[in-house]
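What follows is the residue order along each chain.
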Amino acid sequence: MHITNVSELSVRTGYNGATIMFVVSLAIVSLGIYLTMRGVLKPKIRRLAGIDALDEMIGRATELGRPVHYTVGLGGIGNEQVIAGLSIARYVARKCAELGVRFLFTFAAPSVQPIATDLIKQAYVEAGKADTFNPDNVMWLSDRQFAFATGVMGLCLRENVAANMLLGYFAAESLIFAEAGYRVGAMQIAGTTNSYQIPFFVVTCDYTLISEELITAGAYMSGEPRQQGSILGQDYVRLIGLALMGVGAILYGVGIKTLTTWLAL
Amino acid sequence: MDVRYMYLLVMIVVSIPLLKPMGLPLGTISVETTRMYQYIDKLPSRSIIVMIADQSPAAAAECQPAMVANIQHAVNKGHRVLFYASRTDAVPFIDDAMKVVLGATSDHPNYGKLYVNLGYIPEGELGLKGLAADVFFTGRDAYGKDLRAMEFFRDLPKKDASDWGLIIYYGASSVDWVVRQITDVYGCKTAGGVAAVLVTRMYPYYPHSIIGFQTGLRGAAEYEVLVKRPGEAAAGMDAQSLSHLAIVIMIIVGNIGYYASRRKPSGGG
Amino acid sequence: MSLVVKRYIPHAVLVATAFFLAGDTLLLEKTYNDLATSGVKAISIIGSFAVLISITMLSRLHVRRIQRRRTVIESSVLLVCMWATMIWGLFRFAVQGVSPLKEFAVQQVFSGIVSPGDATIYSILAFFIAAAAYRAFRARSIEATILLGSGVIVMLGKAPIGEMIWGYFPVLTTWLTDVPNTAGVRTLILSGIIAVTALYVRIILGYERGWMGRGD
Chain A
1 MHITNVSELS VRTGYNGATI MFVVSLAIVS LGIYLTMRGV LKPKIRRLAG
51 IDALDEMIGR ATELGRPVHY TVGLGGIGNE QVIAGLSIAR YVARKCAELG
101 VRFLFTFAAP SVQPIATDLI KQAYVEAGKA DTFNPDNVMW LSDRQFAFAT
151 GVMGLCLREN VAANMLLGYF AAESLIFAEA GYRVGAMQIA GTTNSYQIPF
201 FVVTCDYTLI SEELITAGAY MSGEPRQQGS ILGQDYVRLI GLALMGVGAI
251 LYGVGIKTLT TWLAL
Chain B
1 MDVRYMYLLV MIVVSIPLLK PMGLPLGTIS VETTRMYQYI DKLPSRSIIV
51 MIADQSPAAA AECQPAMVAN IQHAVNKGHR VLFYASRTDA VPFIDDAMKV
101 VLGATSDHPN YGKLYVNLGY IPEGELGLKG LAADVFFTGR DAYGKDLRAM
151 EFFRDLPKKD ASDWGLIIYY GASSVDWVVR QITDVYGCKT AGGVAAVLVT
201 RMYPYYPHSI IGFQTGLRGA AEYEVLVKRP GEAAAGMDAQ SLSHLAIVIM
251 IIVGNIGYYA SRRKPSGGG
Chain C
1 MSLVVKRYIP HAVLVATAFF LAGDTLLLEK TYNDLATSGV KAISIIGSFA
51 VLISITMLSR LHVRRIQRRR TVIESSVLLV CMWATMIWGL FRFAVQGVSP
101 LKEFAVQQVF SGIVSPGDAT IYSILAFFIA AAAYRAFRAR SIEATILLGS
151 GVIVMLGKAP IGEMIWGYFP VLTTWLTDVP NTAGVRTLIL SGIIAVTALY
201 VRIILGYERG WMGRGD
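Chains as they are written, first to last, in our numbering: chain A, 1 to 265; chain B, 1 to 269; chain C, 1 to 216.
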């Protein structure tokens with residue numbers, strides 16, 4: 001099958017800079033992972049208060065004898081926030097299984113169901129408590145935004161959860177989840193990359209993972225070199241971006257538009 | 001303070017102006033709304049304006065009046081309008097808006113010439129990417145009519161998003177994907193009639209990629225004033241004013257109480 | 001199921017699709033771009049079947065509830081009524097060619113039940129925001145005072161009554177949204193995108209397998 005004429009292949013107009021950054025970003029993150037796995041680089045990751053508090057939240061739930069609620073929000077399995085939320089959920093599910101705390105997992109997109117069930121079951125198996133896994137605790141409530149919100153609200157109030165973990169993709173219903181958790185006196189952690197929902201979480205939750213902290217939380221928690229290497233790689237990409245912004249702003253300010261023009265080609 | 005008293009106060013403050021309008025003046029029209037109005041006003045006649053309906057029934061209270069006002073403006077200027085919905089529950093809102101402004105949907109004499117409704121296109125950003133690459137992406141419109149037979153598409157040189165004059169997003173989720181797939185690739189500018197909560201997300205792209213936008217109900221009310229078609233948005237401004245004022249007063253009272261309780265000496269033992 | 005089917009094939013499909021579609025965004029060549037557009041159409045069609053998955057899961061949930069004879073079955077009864085409306089709408093479209101947009105029963109379910117229900121729950125946010133603002137906006141520290149002050153200014157600046165109280169509220173609001181807010185949101189967007197890039201590199205390299213149902 002003829003996919004492309006290589007001789008006629010060219011970069012889209014205005015995408016020179018984007019193509020270079022795409023290739024450079026992939027290369028630097030991959031290099032960061034490779035060098036960390038080889039032991040050449042040993043990144044030190046700053047502490048994320050919210051992630052460090054997960055154990056405290058689960059411990060509190062154990063003492064109170066109340067369940068832990070975890071939701072990845074509205075997104076489907078293709079949403080990066082849901083993927084990040086699932087990687088943290090696995091850790092939380094394992095801890096809950098070890099301590100005998102009921103773990104309630106809710107989600108809105110049906111595509112998450114098989115992945116979440118498999119992931120949480122695996123967490124229970126790793127904790128040596130496969131017999132205590134109850135698939136009814138992995139709940140699909142609705143794929144409609146506010147029907148899902150009322151379902152979660154009702155669940156938090158009925159089950160009197162001790163910990164409310166909102167880590168995933170949230171839109172306007174975020175405050176409904178947070179208020180429901182507050183009403184039952186739950187300790188709350190929330191995280192999303194939707195910048196316009198972060199203020200709601202900051203004012204209502206005990207801990208908030210802001211934007212990239214959610215995405216990197218899974219890597220942070222695993223402690224594995226290849227995961228931490230990717231965090232190091234993304235920091236170097238960020239440094240390059242900052243340098244480009246700074247240099248570009250200064251050059252543009254003094255009237256030299258070469259860099260800006262070239263990147264926009 | 002018991003939270004139920006707060007709920008009662010908010011309910012009273014929102015209800016009274018809806019039942020008995022106070023007629024507070026709208027005030028200065030914002031620069032963002034004005035820029036959007038001027039951009040549409042200056043587009044050449046018969047320019048194509050694409051309207052993405054992404055509002056849920058919840059966000060429709062803020063976005064629907066904006067959509068109606070924008071359609072009215074497009075009708076006044078003789079522009080072509082291409083509608084599509086990026087979520088299933090936004091599909092009826094396109095019909096509702098068309099009925100309010102045009103009085104009809106597919107039965108309108110200019111349907112197929114000046115107005116086309118593509119209905120629901122799934123997969124959000126990917127769906128828009130497909131539509132931008134090929135305007136006949138869906139093949140048929142929301143009512144089953146063949147797009148290639150319509151006069152609307154006959155004189156388009158490239159049959160992709162570079163033929164469009166403007167794309168307007170209505171909703172409360174995010175607008176990045178529209179800028180990414182349309183403005184960055186094809187150069188067609190983006191505008192918005194968005195819920196107020198999304199507005200902070202619009203500013204990073206304003207004014208270069210997003211030429212202007214209507215901020216929630218207030219923005220919709222401003223646009224209604226500009227097109228001289230007061231509607232639901234203008235009617236809701238009194239309630240918005242009083243509710244904002246009530247929340248600010250509650251915050252101030254809360255802080256006074258907080259500092260008063262801090263200053264009170266603790267009881268002796 | 002063997003490892004090849006459960007892990008390697010999905011991974012290969014993901015990597016191929018990711019680079020193929022990324023190439024379509026960055027590169028220009030007619031055959032390639034046309035092929036990518038066809039691929040996007042295919043994904044769109046598959047995506048619309050997700051609606052069927054929702055219907056199936058919802059139905060299964062409620063059938064199980066009815067089988068277990070749960071006491072609260074009003075929502076299940078309502079669902080059965082909505083099934084009937086949906087089947088009627090499908091019948092009218094398939095046999096009589098009446099679009100669901102013009103079918104009275106379907107439109108009444110949407111405008112009479114679904115739409116007001118969604119709007120009602122959204123409107124609860126007005127009360128929750130008032131309660132959260134009352135609780136959280138306390139001048140406990142410098143940062144909290146700045147948050148409080150900017151919140152009050154923006155709330156009054158965006159409402160017509162604010163301009164009546166003091167003419168500079170809208171001016172200050174415009175500055176707050178144009179300058180500090182834009183700077184902050186740009187930072188969040190950029191850092192989020194870079195973190196997502198790193199996540200996708202981990203997925204492409206096979207180090208992040210949560211999306212397949214098995215963690216690392």
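These are calculated hints, taken from the structure and not from any lab test.
Treat the hints with care, as some may be off.
What the hints assert, rightly or not - Counterexamples of contact, computed for chain B against chain C with all Cβ distances above 10 Å:
id: 1; residue: Thr34
id: 2; residue: Tyr39
id: 3; residue: Leu102
id: 4; residue: His108
id: 5; residue: Glu151
id: 6; residue: Tyr203
id: 7; residue: Leu226
Unchecked claim - Pairs of lysine to aspartate or glutamate residues, derived as DMTMM-like cross-links and limited to a Cα-Cα distance of at most 25 Å, are as follows:
id: 8; chain 1: B; residue 1: Lys189; chain 2: B; residue 2: Asp41
id: 9; chain 1: B; residue 1: Lys20; chain 2: B; residue 2: Asp41
id: 10; chain 1: B; residue 1: Lys158; chain 2: C; residue 2: Glu29
id: 11; chain 1: C; residue 1: Lys30; chain 2: B; residue 2: Asp96
id: 12; chain 1: C; residue 1: Lys41; chain 2: B; residue 2: Asp146
id: 13; chain 1: B; residue 1: Lys145; chain 2: B; residue 2: Asp134
id: 14; chain 1: C; residue 1: Lys30; chain 2: B; residue 2: Asp184
id: 15; chain 1: B; residue 1: Lys228; chain 2: B; residue 2: Asp41
id: 16; chain 1: B; residue 1: Lys145; chain 2: C; residue 2: Glu103
id: 17; chain 1: B; residue 1: Lys113; chain 2: B; residue 2: Asp96
id: 18; chain 1: C; residue 1: Lys30; chain 2: B; residue 2: Asp155
id: 19; chain 1: C; residue 1: Lys30; chain 2: B; residue 2: Asp41
id: 20; chain 1: C; residue 1: Lys102; chain 2: B; residue 2: Asp146
id: 21; chain 1: B; residue 1: Lys158; chain 2: C; residue 2: Asp34
id: 22; chain 1: C; residue 1: Lys41; chain 2: B; residue 2: Asp41
id: 23; chain 1: C; residue 1: Lys41; chain 2: B; residue 2: Glu123
What the hints assert, rightly or not - Selected chain A positions facing chain C (in silico; Cβ < 8 Å):
id: 24; residue: Leu9
id: 25; residue: Leu26
id: 26; residue: Ile33
id: 27; residue: Asp52
id: 28; residue: Glu80
id: 29; residue: Asn160
id: 30; residue: Ala243
id: 31; residue: Thr258
id: 32; residue: Thr261
From the three backbone atoms N, C-alpha and C, an ideal C-beta is built for every residue, glycine too.
Here is how each hint holds up against the structure:
no.: 1; hint: Thr34; verdict: 12 Å, holds
no.: 2; hint: Tyr39; verdict: 19 Å, holds
no.: 3; hint: Leu102; verdict: 15 Å, holds
no.: 4; hint: His108; verdict: 14 Å, holds
no.: 5; hint: Glu151; verdict: 21 Å, holds
no.: 6; hint: Tyr203; verdict: 4 Å, violated
no.: 7; hint: Leu226; verdict: 15 Å, holds
no.: 8; hint: Lys189/B / Asp41/B; verdict: 14 Å, holds
no.: 9; hint: Lys20/B / Asp41/B; verdict: 35 Å, violated
no.: 10; hint: Lys158/B / Glu29/C; verdict: 15 Å, holds
no.: 11; hint: Lys30/C / Asp96/B; verdict: 39 Å, violated
no.: 12; hint: Lys41/C / Asp146/B; verdict: 17 Å, holds
no.: 13; hint: Lys145/B / Asp134/B; verdict: 17 Å, holds
no.: 14; hint: Lys30/C / Asp184/B; verdict: 19 Å, holds
no.: 15; hint: Lys228/B / Asp41/B; verdict: 14 Å, holds
no.: 16; hint: Lys145/B / Glu103/C; verdict: 17 Å, holds
no.: 17; hint: Lys113/B / Asp96/B; verdict: 19 Å, holds
no.: 18; hint: Lys30/C / Asp155/B; verdict: 22 Å, holds
no.: 19; hint: Lys30/C / Asp41/B; verdict: 35 Å, violated
no.: 20; hint: Lys102/C / Asp146/B; verdict: 18 Å, holds
no.: 21; hint: Lys158/B / Asp34/C; verdict: 14 Å, holds
no.: 22; hint: Lys41/C / Asp41/B; verdict: 34 Å, violated
no.: 23; hint: Lys41/C / Glu123/B; verdict: 10 Å, holds
no.: 24; hint: Leu9; verdict: 5 Å, holds
no.: 25; hint: Leu26; verdict: 6 Å, holds
no.: 26; hint: Ile33; verdict: 7 Å, holds
no.: 27; hint: Asp52; verdict: 19 Å, violated
no.: 28; hint: Glu80; verdict: 5 Å, holds
no.: 29; hint: Asn160; verdict: 18 Å, violated
no.: 30; hint: Ala243; verdict: 13 Å, violated
no.: 31; hint: Thr258; verdict: 22 Å, violated
no.: 32; hint: Thr261; verdict: 19 Å, violated
Comparing the model with each numbered hint stated earlier shows that hints 6, 9, 11, 19, 22, 27, 29, 30, 31, 32 do not hold.
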